[in-house]
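A.B. asks: Protein sequences, first through last, are from chains A and B.
The numbering of the first sequence is the numbering used here, which starts it at 1 and goes up by one.
The numbering of the second sequence is the numbering used here, which starts it at 1001 and goes up by one.
Treat the hints as calculated values from the structure; they're not laboratory data.
Just so it is clear, CB atoms sit at the ideal spot from N, CA and C, and this is done for glycine as well.
Some hints here could point you the wrong way.
According to the in silico footprint, chain B covers these stretches of chain A (three or more CB under 8 Å from chain B) [to be verified]: (1) 215-225; (2) 819-828; (3) 866-879.
For each label pair, taking beta carbons as the anchor points, the in silico distance ranges come out as [said to hold, decoys possible]: (4) Asn233/A / Tyr1044/B: 49 to 55 Å; (5) Gly1020/B / Ala679/A: 35 to 41 Å; (6) Val1082/B / Ala719/A: 44 to 50 Å; (7) Asp888/A / Thr1070/B: 43 to 49 Å; (8) Asp872/A / Asn1048/B: 26 to 32 Å.
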Amino acid sequence: MSRLAQGGLIDRAKPLQFTFDGKRYSGFAGDTLASALIANDVRLVARSFKYHRPRGIVTAGSEEPNALVELRDGARREPNSRATTAELYDGLTAESQNRWPSLAFDAMAVNQLFAPFFGAAFYYKTFMWPKAAWEKLYEPMIRRAAGLGRASELPDPDHYDKVQAHCDLLVIGAGPAGLAAALTAGRAGARVILVDEDFRLGGRLNTENVEIDGSAGLDFVAATEAELRALPNLRVLTRTTAFGVYDDTYAALERVADHLAEPAPYQPRQRLWRINARRAVLAAGALDRPIVFGGNDRPGVMLAAAMETYVSRFAAAPASRLAVFANNDAAWGSAFAAHDAGVTVSALIDTRADVSPVLAAKAKARGLRVVLGGRICDAHGKALTAIDIVAGGRTERLAVDGLAMSGGFSPNLQLTCHHNGKPVWNDDIAAFVPGTPPPGMSVAGAANGSYDLGDCLREGAARAVGALADLGIAATALTVATATLNGTAVSAFWHVAEARTKAFVDFQNDVCASDIVLAEKEGFRSVEHLKRYTTLGMATDQGKLSNMPGLAIMAAITGKSIPETGTTVFRPPYTPVAIGALAGHHRGKDFRPTRLTPLHGWAREQGAVFIEAGPWLRAQYFPRGAEKTWDQAVNREVRAVREGVGLIDVSTFGKIDLRGRDVGAFLDRVYINTFSTLAVGKTRYGLMLREDGFVMDDGTTARLAPDRWVMTTTTANAAKVFQHLEFCAQVLWPELDVQLTSVSEQWAQVAIAGPRARDVLARVIDDPATIDNGAFPYMSAMETRVMGGVRARVFRLSFAGDLGFEIAVPARQGEALARALMQAGAEFDITPYGLETLGVMRIEKGHVTTNELNGQTTALDLGFGKMAKKGDFIGKVMAGRPGLVDPDRPRLAGFKPVDPNDRLRAGAHFIAVGAAATTENDLGWMTSTTWSPTFGHALGLGFVKGGTARIGERLRAVDPLRGGDVLVEVCNPVFFDPEGVRLRG
Amino acid sequence: MLITCPYCGARDAHEFTYLGDAELIDRPDPAGPEAEAAFHAHVYLRDNPAGPHRELWYHGSGCRQWLTVTRDTRTHAIASVVAAARPEVAR
Chain A
1 MSRLAQGGLI DRAKPLQFTF DGKRYSGFAG DTLASALIAN DVRLVARSFK
51 YHRPRGIVTA GSEEPNALVE LRDGARREPN SRATTAELYD GLTAESQNRW
101 PSLAFDAMAV NQLFAPFFGA AFYYKTFMWP KAAWEKLYEP MIRRAAGLGR
151 ASELPDPDHY DKVQAHCDLL VIGAGPAGLA AALTAGRAGA RVILVDEDFR
201 LGGRLNTENV EIDGSAGLDF VAATEAELRA LPNLRVLTRT TAFGVYDDTY
251 AALERVADHL AEPAPYQPRQ RLWRINARRA VLAAGALDRP IVFGGNDRPG
301 VMLAAAMETY VSRFAAAPAS RLAVFANNDA AWGSAFAAHD AGVTVSALID
351 TRADVSPVLA AKAKARGLRV VLGGRICDAH GKALTAIDIV AGGRTERLAV
401 DGLAMSGGFS PNLQLTCHHN GKPVWNDDIA AFVPGTPPPG MSVAGAANGS
451 YDLGDCLREG AARAVGALAD LGIAATALTV ATATLNGTAV SAFWHVAEAR
501 TKAFVDFQND VCASDIVLAE KEGFRSVEHL KRYTTLGMAT DQGKLSNMPG
551 LAIMAAITGK SIPETGTTVF RPPYTPVAIG ALAGHHRGKD FRPTRLTPLH
601 GWAREQGAVF IEAGPWLRAQ YFPRGAEKTW DQAVNREVRA VREGVGLIDV
651 STFGKIDLRG RDVGAFLDRV YINTFSTLAV GKTRYGLMLR EDGFVMDDGT
701 TARLAPDRWV MTTTTANAAK VFQHLEFCAQ VLWPELDVQL TSVSEQWAQV
751 AIAGPRARDV LARVIDDPAT IDNGAFPYMS AMETRVMGGV RARVFRLSFA
801 GDLGFEIAVP ARQGEALARA LMQAGAEFDI TPYGLETLGV MRIEKGHVTT
851 NELNGQTTAL DLGFGKMAKK GDFIGKVMAG RPGLVDPDRP RLAGFKPVDP
901 NDRLRAGAHF IAVGAAATTE NDLGWMTSTT WSPTFGHALG LGFVKGGTAR
951 IGERLRAVDP LRGGDVLVEV CNPVFFDPEG VRLRG
Chain B
1001 MLITCPYCGA RDAHEFTYLG DAELIDRPDP AGPEAEAAFH AHVYLRDNPA
1051 GPHRELWYHG SGCRQWLTVT RDTRTHAIAS VVAAARPEVA R
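Input sequences plus hints: build the corresponding full structure.
C.D. replies: Encoded structure:
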């Protein structure tokens, strides 16, 4: 139980310091935290989840159920980190978790005394009464007692990257089978990606003392790695776990910097790989599995394969006096490796009555005591001190401080099940083997149930040849003449019936053999019920060690075979994946891109306050001088437009160029009104429906030439409308000559509005005569030049409801245009305005926006019923459904408070005066409200039964959520300039 | 998931937007008999097959073409991808 004097794949020239629970230790480069703890004789590393029993290290890999620690500190503290995969670095800090006040003395260990209450499903049964106590007392208590470590509550300081890769062959696992597959495919010139979760290639070859074609296994690994890394068509990813198989895509997590104290500047901590592999070979190996006997969870009891790994790879002896308890040949190899490394092996207990003479001779040559047909019924000591061996009807107590157990091997076939493939039972090796893997995946080596080294190498090479043959790539299989024979000759054995103390099946969730017996008694026999009732296999290790023994015990109780009992479904991820890795860079402000308009820099210069509008950052208002609140700025901006002139950036509108002979006919079919009659040089407002008859979007479309048109859409629907029009043009009416191009990004657009708008534009446009009221009346459009030759499109339009123009210039000229307009308008005190002011003025003018175009309103609802033409258009038939043309449907109207001091609130419902405020009496609701500086009181838009037929009527606007109840008068929704005099002036 | 666009080749599904059943290609005749019933079925009624399904995808981050994809809803295996715009193939 210390560092062995020699051997191991560690760099003794590079000592590393680390702390565990505040105590300083040292290890070497090449160690994991687990191997370094073993080398420092730290055996107690954790407390168990439910009973707070002392626990030690059980495995040497990602399947570890016990040795979970809080790794690092501060913002980088990560709970439930497996000590067995955490690479040691200088200055590493780790804390044990789930213990109080200390690991050595855990007060919660008294839970063991109450074990009768903590059986399967105890929380469903025990904490039932009184009901109120659950939330306040029981749940917090259970959570505190059963927590698995503490997450850092600070923001994660690290970055996570995502990358997409394509390859012909993905090889998962770099043990003998994976190396043979990768080498075969790499030599054939195929594009290959080889991934392994370990930081070294080689898999079991890093541990087992074997020969391949007369050389040591490690030499084979070194030579193969050198060749693989030299191949330009092959990528090797170590520290990378392929954790899920999706549609055509494998997901893998690369731990780029987890072996460092912290990532280098700009280096991601982890990288999520999405790998589109045409074929894959799964060579993920197999896991040794525990045997269920009394006290099998005591620190000092570990899997035989793990024990061999610590001794051979890390030169760390987990025990000074070791016993081995197994049902297969492989564990004998582990015992020999420990003995040969200088560890005393006190007994080798095998459940089998006979073993091969070769094996027996090897044990005899080493002078090992062998107990055949024996088993261990109980293990003793807080950390292991003794075991009870049952053999030949006698029980013997043997003093040992380490026990290596092996119940045989379970292939790592999880990834073969991610497309619903069902594992198949193989009695010869007492294990499930892959059934139907996902399309394009084949399985090689131990993952396929082939444990012998030669078989692994040959199978890996053959799978690669087969996969590449599918793709039409000829490959020659790597040839191996001789390899050490090392099959397992397993004989199924799961559970020692003679156990007198608690025998654990699931270490991480503290599920005992007795819990499975109880579950069966209470009727939870289906393997899926068993899992949920006892929590067997539900911990972070997802039952990698516990599923098989649990299944076997249930099978034995019910008298069924294991395949009849079934197996639970394996789902991604294979090992836990940090949410940060799945999010990648998409977090905080980077969750989605922020879109800036071409005039953003200009608006910033003007002191704009910006607001997020969907993905856009838009100017909300432009505070001036002593203005303290947003409404002071907005009131000034509105008055400036109504009395002089204002300017607003409208570049965010969707803009679509339409070209072709049949654009007019096309627009007739997508808008409810007619466009084919629109003259060149004119623009028209249009309303678009969905096929279900509800309004999708509105906007204006101008005809610039007989076959050239430009459409604007609302900002929010720009992408949706474009996609819809593409569908109509390509799919519904391919016979029409229409070509669509989105030009939203290409044109900057500025609206100027107010009585002085023409005076300002006249100083910027190259030919001022062209914008005379006679030459260029309301709803005109033209292509022209501004600012001395800059291409521009000018439209006589106004959303604000005043004399107005919209001027579009190529995006890069946008800021120059804004500056030119500001300069030209200086003598009229031209005022930049933002979204808030636009919102006020559009309500004054009764223009609808998203509040009214909410996907639930029809053209009739909005007062556009008369716009609809006779002929067909998208949505026409469905808009005529009786329910949608019901005169009682709420329709658009305007509202003002009877008392001008009252404020209005969107969301308020209309109720007749004198009627009770009930759902039955509901007449409609307010959609938009504002305080109007033009009128000096509040204004509202909304939908009310009868609509404008109620003009002059008084109603209550009831807002029970916010305690509002205001008397309002129904008005024409167009409050400002209802005759359009200013618009046309 | 990969979709093999007939114009752009095999591309990740992230580049595409799903619309729904390829029945949407066949817009009913608004002047036909029972037009309202036909449109009702067109807008609202969909089969939900466990198996091959013809559906519309838009290659918005690529060539902007509407595609008819035949996909097995049980396995996501894609049997064919053709341009929805070519009536002689898509319909």
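A.B. asks: All hints, please: hold or fail.
C.D. replies: Verification of the supplied hints:
| no. | hint | result |
| --- | --- | --- |
| 1 | 215-225 | violated (count 0) |
| 2 | 819-828 | violated (count 0) |
| 3 | 866-879 | holds (count 4) |
| 4 | Asn233/A / Tyr1044/B: 49 to 55 Å | 52 Å, holds |
| 5 | Gly1020/B / Ala679/A: 35 to 41 Å | 39 Å, holds |
| 6 | Val1082/B / Ala719/A: 44 to 50 Å | 24 Å, violated |
| 7 | Asp888/A / Thr1070/B: 43 to 49 Å | 46 Å, holds |
| 8 | Asp872/A / Asn1048/B: 26 to 32 Å | 29 Å, holds |
Going down the numbered hints, you'll see the structure goes against 1, 2 and 6, while the others check out.
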